[in-house]
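Residue numbers (my numbering), protein chains in the order written: chain A, 1 to 325; chain B, 1 to 325; chain C, 1 to 333; chain D, 1 to 333.
Note that these hints are calculated values from the structure, not bench results. Note that the coordinates shown come from a computational prediction; the quantities given were computed from them, not determined experimentally. Among the hints, a few may not be true.
[Claimed, not checked] Derived SDA-like pairs (lysine to any residue); straight-line CA-CA distance at most 20 Å:
id : chain 1 : residue 1 : chain 2 : residue 2
1  : D       : K115      : B       : P312
2  : D       : K115      : B       : G75
3  : A       : K164      : C       : G56
4  : A       : K184      : B       : G199
5  : B       : K252      : C       : L330
6  : B       : K131      : B       : V259
7  : B       : K131      : D       : K115
8  : B       : K184      : A       : G199
9  : B       : K184      : C       : A53
10 : A       : K184      : D       : G56
11 : D       : K258      : C       : F288
12 : B       : K131      : D       : S30
13 : C       : K258      : C       : K187
14 : B       : K236      : B       : A284
15 : C       : K115      : A       : A317
16 : B       : K164      : A       : T189
17 : A       : K252      : D       : S30
18 : B       : K252      : C       : F288
19 : B       : K184      : C       : L330
20 : C       : K258      : D       : F288
21 : C       : K115      : A       : D311
22 : A       : K184      : B       : G75
[Claimed, not checked] Cβ pair distances, simulated, as ranges:
id : chain 1 : residue 1 : chain 2 : residue 2 : range
23 : C       : K228      : B       : E106      : 19 to 29 Å
24 : A       : Q247      : B       : T323      : 38 to 48 Å
25 : C       : D233      : D       : A231      : 24 to 34 Å
Beta carbons are placed, not taken as given, at the ideal position from N, Cα and C, and that holds for glycine.
This is what each chain is made of:
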Amino acid sequence: MDPTPDVLRDLHRRMVRIRLFEEAAGRLAEAAKLPGFLHLYVGEEAVASGVCAHLSDADRITSTHRGHGHLVAKGGRFAPMMAELMGKATGYCNGKGGSMHISSLELGMLGANGIVGAGSPIAVGAAFASKYRADGTVAVAFFGDGSTNIGAFHEAANMACALKLPAVFVCENNEYGEFTPRSKTMAITDIVDRAAGYGMPGVIVDGMDVVAVHEAAGEAIARARAGEGPSLVEAKTYRFFNHHGVQNLGLKYRSDDEVAQWRQRDPISLLEQRVLADGSLSQADLDATWADGRAEIDDAIAFAEASPLPDPATLLADVYTETLR
Amino acid sequence: MDPTPDVLRDLHRRMVRIRLFEEAAGRLAEAAKLPGFLHLYVGEEAVASGVCAHLSDADRITSTHRGHGHLVAKGGRFAPMMAELMGKATGYCNGKGGSMHISSLELGMLGANGIVGAGSPIAVGAAFASKYRADGTVAVAFFGDGSTNIGAFHEAANMACALKLPAVFVCENNEYGEFTPRSKTMAITDIVDRAAGYGMPGVIVDGMDVVAVHEAAGEAIARARAGEGPSLVEAKTYRFFNHHGVQNLGLKYRSDDEVAQWRQRDPISLLEQRVLADGSLSQADLDATWADGRAEIDDAIAFAEASPLPDPATLLADVYTETLR
Amino acid sequence: MSAPTTDVRSLTYVQAFNEAVRQCMEADDSVFCAGEDVGAFGGVFGSFAGLQARFGERRVVDTPISEQAIIGLGVGSAVSGLRPIVDIMFMDFLLVALDQVVNQAAKLKYMFGGKATLPLTITTAGGAGRSAAAQHSQSLEAILCHVPGLKVVYPSNAYDMKGLMVSCIREDNPTVMVKHKRLLGAKGPVPEECYAIPLGVAEVKRPGRDVTVVAFGRMVDESMRAAKRLAEDGIEVEVIDPRTLQPLDTATIVESAKRTNRIVVVHEAVRFGGLGAEIAAQIQEEAFDYLDAPVGRVAAPFSPVPFSPVLEQAYLPDADRIAAAVRSTLQRA
Amino acid sequence: MSAPTTDVRSLTYVQAFNEAVRQCMEADDSVFCAGEDVGAFGGVFGSFAGLQARFGERRVVDTPISEQAIIGLGVGSAVSGLRPIVDIMFMDFLLVALDQVVNQAAKLKYMFGGKATLPLTITTAGGAGRSAAAQHSQSLEAILCHVPGLKVVYPSNAYDMKGLMVSCIREDNPTVMVKHKRLLGAKGPVPEECYAIPLGVAEVKRPGRDVTVVAFGRMVDESMRAAKRLAEDGIEVEVIDPRTLQPLDTATIVESAKRTNRIVVVHEAVRFGGLGAEIAAQIQEEAFDYLDAPVGRVAAPFSPVPFSPVLEQAYLPDADRIAAAVRSTLQRA
Ligand SMILES: Cc1ncc(C[n+]2csc(CCOP(=O)(O)OP(=O)(O)O)c2C)c(N)n1
Ligand SMILES: Cc1ncc(C[n+]2csc(CCOP(=O)(O)OP(=O)(O)O)c2C)c(N)n1
Ligand SMILES: [Mg+2]
Ligand SMILES: [Mg+2]
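Could you build all of it, start to finish, from the sequences and the hints given here?
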């Protein structure tokens with residue numbers, strides 16, 4: 001059955017916020033205002049949004065090097081996110097983590113991760129804590145197609161199944177690992193073919209259709225909450241920009257035609273067409289969401305730019321916790 | 001179609017030699033004549049024998065901590081093997097490797113391995129060399145059921161398929177990893193369920209029936225030699241002794257009944273009954289093989305016991321190769 | 001804090017480990033154990049014997065052979081508020097999972113700007129001397145001590161084992177507790193109550209005026225043996241066991257070096273890049289004017305651990321080599 | 001052997017790497033490259049640019065994101081007679097595959113009783129200074145140098161890069177070639193012919209009588225800058241670049257220390273347990289009576305690499321800190 005207008009508005013809002021944050025980050029990077037690497041989530045908004053719409057702050061997720069979208073979808077506020085990307089003291093990580101390690105424990109976002117595949121074993125630990133406490137929470141691991149070729153993913157998927165943990169494995173299959181197409185790095189087309197090897201159900205979903213993602217993720221998360229164990233959800237999606245940075249056309253490893261075709265299926269436009277067609281949301285609803293997001297972005301950039309840099313005296317703080325007991 | 005008497009004799013001979021070597025090693029270990037760990041292959045002889053009967057010295061295999069059987073099946077001579085287990089200078093590794101690292105490059109046996117799962121990536125490298133040289137050789141990775149839960153196995157299987165290498169993955173599924181049953185460490189029953197996730201064919205075979213193993217391995221190896229890529233062969237088998245050492249009954253992690261039932265299906269007895277029944281080999285043939293093996297073992301033990309210990313002055317030899325070019 | 005002289009019951013090193021875990025699990029439900037064969041079987045060294053029977057499968061968990069996921073299980077559950085004890089059977093196997101230890105566990109708090117605590121204890125077993133060959137005998141503590149964010153503990157006796165393990169479990173940072181395989185059965189007096197030995201505090205095992213020997217793990221016994229022999233020749237050796245390797249109690253070591261003016265560092269790991277290098281570097285930095293001889297090092301030569309017992313014996317430092325190093329240090333004018 | 005003063009065309013550090021690989025591949029069909037994005041894309045740093053076009057997919061292989069299998073590919077093919085060059089994009093990622101490097105590649109020959117050769121070159125990129133944060137900026141060379149069976153090379157300029165890379169590829173032992181990420185574009189004179197710089201030979205970058213500074217990788221530039229400034233105050237610094245870290249050319253360093261009597265070791269890795277500790281330990285062992293001051297160390301403090309540029313700058317050693325360390329060493333009576 002179709003999601004209610006409120007759910008559709010929420011899904012739309014999550015996607016729009018991701019899009020606006022990422023495009024703003026891209027502009028700032030081009031203006032050389034962001035140090036370090038920048039891996040943008042533009043094009044994949046439906047995945048994080050459709051999944052995280054089912055999660056509360058008490059549910060935990062692990063992320064990847066492409067982590068802004070996951071944090072935004074989990075409720076991340078633009079101001080401390082933008083401040084973190086600028087390396088400011090007011091960032092989510094006080095400027096110590098940056099884009100590749102952005103995180104928010106209060107929101108249950110256990111960190112973007114610079115090591116491909118490394119988030120999934122951590123999600124297993126979070127899922128173990130959920131089961132241990134029997135508090136009904138779940139853990140979701142987001143990861144890319146390329147990361148399913150690394151050992152850590154395999155060990156995590158198998159252990160989650162062996163221990164029957166409330167975990168959901170969400171693969172963002174955008175067909176590339178950095179600058180190399182999937183076909184060169186695996187002999188299968190669908191990541192979901194790996195699920196049976198762990199003894200969990202797997203489902204393929206159109207990663208550009210947020211409603212479809214929302215439905216598939218809902219079943220997997222409900223299954224986890226019900227104590228029936230892990231599932232694998234493979235979302236077929238595409239990143240509109242380069243692996244890192246903001247170039248999107250003229251890339252030597254993929255054709256502009258391919259990019260154009262995928263852009264035809266922009267997840268936000270697809271949802272907007274749908275809700276306007278069936279009248280579940282009005283143009284005014286959509287405009288309001290964009291307007292809210294733009295206002296939040298402007299404030300966030302102003303906040304971040306006005307924020308202080310970390311005090312070099314804090315360099316050695318936070319390496320260890322002072323143990324009191 | 002059934003194997004010829006010559007093939008049956010060869011398979012029988014390989015299994016008998018493994019059995020005799022392992023039982024002798026077990027006796028020596030009980031007599032405290034073997035230092036270090038001892039992981040016996042008794043009960044699993046049909047697997048290494050059925051596979052290696054298809055291989056020449058130019059074909060390469062990687063092994064596990066339970067490696068004696070693989071080396072014997074690949075043509076290993078008892079004398080330098082026994083000397084290695086005793087840590088003598090005349091051993092295959094001059095006493096530096098021992099049971100857990102026993103190897104013979106000339107025979108294409110790239111070493112037993114003390115790290116679970118670590119052999120498979122090395123087999124991928126050997127298979128790569130075969131393809132690179134287009135010399136028609138193949139590489140076979142032997143590994144246990146438990147090792148399929150570790151990342152290195154996953155990466156190796158996927159890479160071999162992605163690069164379409166002449167590799168064969170042979171899983172010795174004896175239902176336990178050390179002292180823990182498979183059911184506690186994975187949510188699947190058949191390792192072969194993992195093959196599809198890499199895009200290779202997988203087949204289950206009765207690991208106590210050497211003729212069945214020989215046939216299945218033959219197809220997988222022929223496929224590899226033909227350039228059609230890797231396969232997974234899962235052999236259902238059982239170790240008659242404890243994980244290490246020689247105790248076989250009264251083990252707290254598996255019942256004596258279970259052991260007794262598997263012993264009913266002793267791979268050597270099964271083959272002997274079959275060949276005598278269909279008359280392809282005579283009792284005299286079988287006796288001769290046992291007699292030859294016993295004689296070889298007695299000589300090997302005498303040789304090993306009479307062999308010198310390594311000279312402590314050689315401690316630092318063999319760390320590096322002197323590079324001449 | 002050091003071993004009681006009054007007679008209490010004596011336990012083995014591994015029993016002391018086991019008792020520390022049991023008492024901490026009784027005191028705090030957030031403490032659990034996971035690892036290969038730790039459940040029904042109680043661990044390959046008996047470290048976890050009886051714990052699953054006592055606490056059930058919920059709190060004593062058998063895992064697949066998946067060291068990366070085992071450490072990840074610890075990282076993810078610790079950052080979610082539990083106090084995991086995750087076991088990596090042999091120290092050599094840490095190399096399979098070092099990303100999770102070094103890039104994840106050790107750095108997580110810092111990368112998060114301090115907004116996390118990671119009360120994770122990783123237990124493992126190191127050391128040679130059992131003909132276990134190159135992949136089951138390594139001493140890799142120097143690698144761990146080079147990693148900001150980790151603490152590293154290496155007890156030399158049953159009493160310290162219990163007290164240090166209790167501290168590891170209560171510690172709010174990722175800690176690696178290394179057992180020495182050849183000390184598992186070593187007995188010593190261990191009080192029944194749950195006591196803690198603070199991390200980062202060395203113990204002077206034996207006072208002496210002539211030369212200082214720093215040793216940890218099994219090398220403490222070898223050093224004490226050497227000291228006893230040397231005492232017969234009137235050479236008074238002060239033996240210091242740092243007990244915790246990271247953070248290292250440099251103050252105690254430097255203070256001793258300033259008194260004895262001669263110092264030898266001993267470890268089982270290979271000499272090049274071993275912990276002895278760091279200790280020597282720090283001593284010459286902080287006690288330069290007090291040293292009458294270079295800081296000596298007794299360690300394994302630069303090779304993998306050989307299988308054959310004769311070779312392994314030639315490989316491993318022992319009381320003889322320690323005594324010889326002490327004598328040559330004293331011969332220095 | 002050191003950079004030619006006569007003018008030859010100049011190449012960048014990464015072009016020099018690329019040329020070494022190309023020339024060795026032209027000379028020997030058993031040489032091949034494999035790694036993530038090394039094929040069609042030419043490597044994320046351009047290290048392998050043009051090689052697949054030149055040599056085809058057979059010899060320049062794109063791999064899955066599978067560092068353990070990438071090293072295994074190298075080990076298995078090397079022991080089977082090929083000369084693999086396998087690339088691990090960032091040094092930090094070696095931690096994912098350290099078992100294959102340390103337990104397999106480094107020990108295989110020894111475990112086989114010497115009956116194998118392993119002509120394997122592992123290439124990677126280390127170092128901080130690009131705001132790449134805690135998991136893409138580490139200097140882990142000390143870990144590799146502690147492993148018997150490995151050789152470790154860390155060039156500081158384009159000329160050395162080519163000559164050392166040629167030696168790595170011709171070397172019959174597993175070698176790790178570390179590129180510094182901030183030197184990739186550094187230009188220098190590089191002869192066209194295929195020349196080799198022997199492993200294990202340090203270079204005196206600058207002679208000096210007052211104090212010796214030992215530095216490698218990018219720290220060589222910083223040390224030269226510091227030396228230049230100090231020279232203005234009449235302080236003559238001798239700068240030594242070991243170039244190969246394992247085996248380390250201790251003789252050259254000790255000889256210099258005996259002349260200058262004062263020495264400072266510099267590296268980007270954290271101080272505790274870094275290579276500076278081993279160098280300091282060896283110098284005080286072998287030049288004890290010649291030292292007028294403790295061996296000084298300039299290194300990163302004990303924390304993960306921070307993201308924010310202001311923090312990273314505070315973290316990294318530079319010419320100022322090196323100069324300050326030299327001055328305080330000289331102040332020592
Ligand atoms: C262990 C490891 N190997 C390699 C890298 C370099 N790297 C960063 S992102 C990436 C591609 C990941 O592909 P995928 O998992 O499909 O995620 P995507 O970037 O497509 O979202 C690679 C190879 C890394 N960060 N960690
Ligand atoms: C990386 C690693 N983890 C754990 C071990 C300890 N260990 C040795 S054998 C073994 C069980 C292996 O089980 P399986 O792969 O099924 O082989 P089997 O012993 O049953 O033949 C384990 C856990 C190891 N050697 N290496
Ligand atoms: Mg991808
Ligand atoms: Mg098994």
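These are the hints, each one checked on the structure:
1. D:K115 with B:P312: Holds, because 18 Å separates the two Cα atoms, which is no more than 20 Å.
2. D:K115 with B:G75: At roughly 17 Å apart (the allowed maximum being 20 Å), B:G75 and D:K115 satisfy the hint.
3. A:K164 with C:G56: Roughly 16 Å between the alpha carbons, so the hint for A:K164 and C:G56 holds.
4. A:K184 with B:G199: Holds, at about 13 Å.
5. B:K252 with C:L330: violated (55 Å)
6. B:K131 with B:V259: violated (42 Å)
7. B:K131 with D:K115: With a Cα-Cα distance of about 24 Å, the restraint between B:K131 and D:K115 is violated, given a limit of 20 Å.
8. B:K184 with A:G199: holds (13 Å)
9. B:K184 with C:A53: holds (16 Å)
10. A:K184 with D:G56: holds (14 Å)
11. D:K258 with C:F288: holds (17 Å)
12. B:K131 with D:S30: Given pair B:K131, D:S30 holds - Cα atoms ~12 Å apart, limit 20 Å.
13. C:K258 with C:K187: Outside the cut-off at roughly 34 Å; violated.
14. B:K236 with B:A284: Answer violated: B:K236 to B:A284 is near 30 Å, above 20 Å.
15. C:K115 with A:A317: With Cα atoms ~11 Å apart, C:K115 and A:A317 stay inside 20 Å; holds.
16. B:K164 with A:T189: holds (15 Å)
17. A:K252 with D:S30: violated (29 Å)
18. B:K252 with C:F288: Distance ~59 Å between B:K252 and C:F288 Cα, so the pair is violated.
19. B:K184 with C:L330: violated (58 Å)
20. C:K258 with D:F288: holds (17 Å)
21. C:K115 with A:D311: holds (17 Å)
22. A:K184 with B:G75: Distance ~37 Å between A:K184 and B:G75 Cα, so the pair is violated.
23. C:K228 with B:E106: 19 to 29 Å: violated (50 Å)
24. A:Q247 with B:T323: 38 to 48 Å: holds (44 Å)
25. C:D233 with D:A231: 24 to 34 Å: violated (53 Å)
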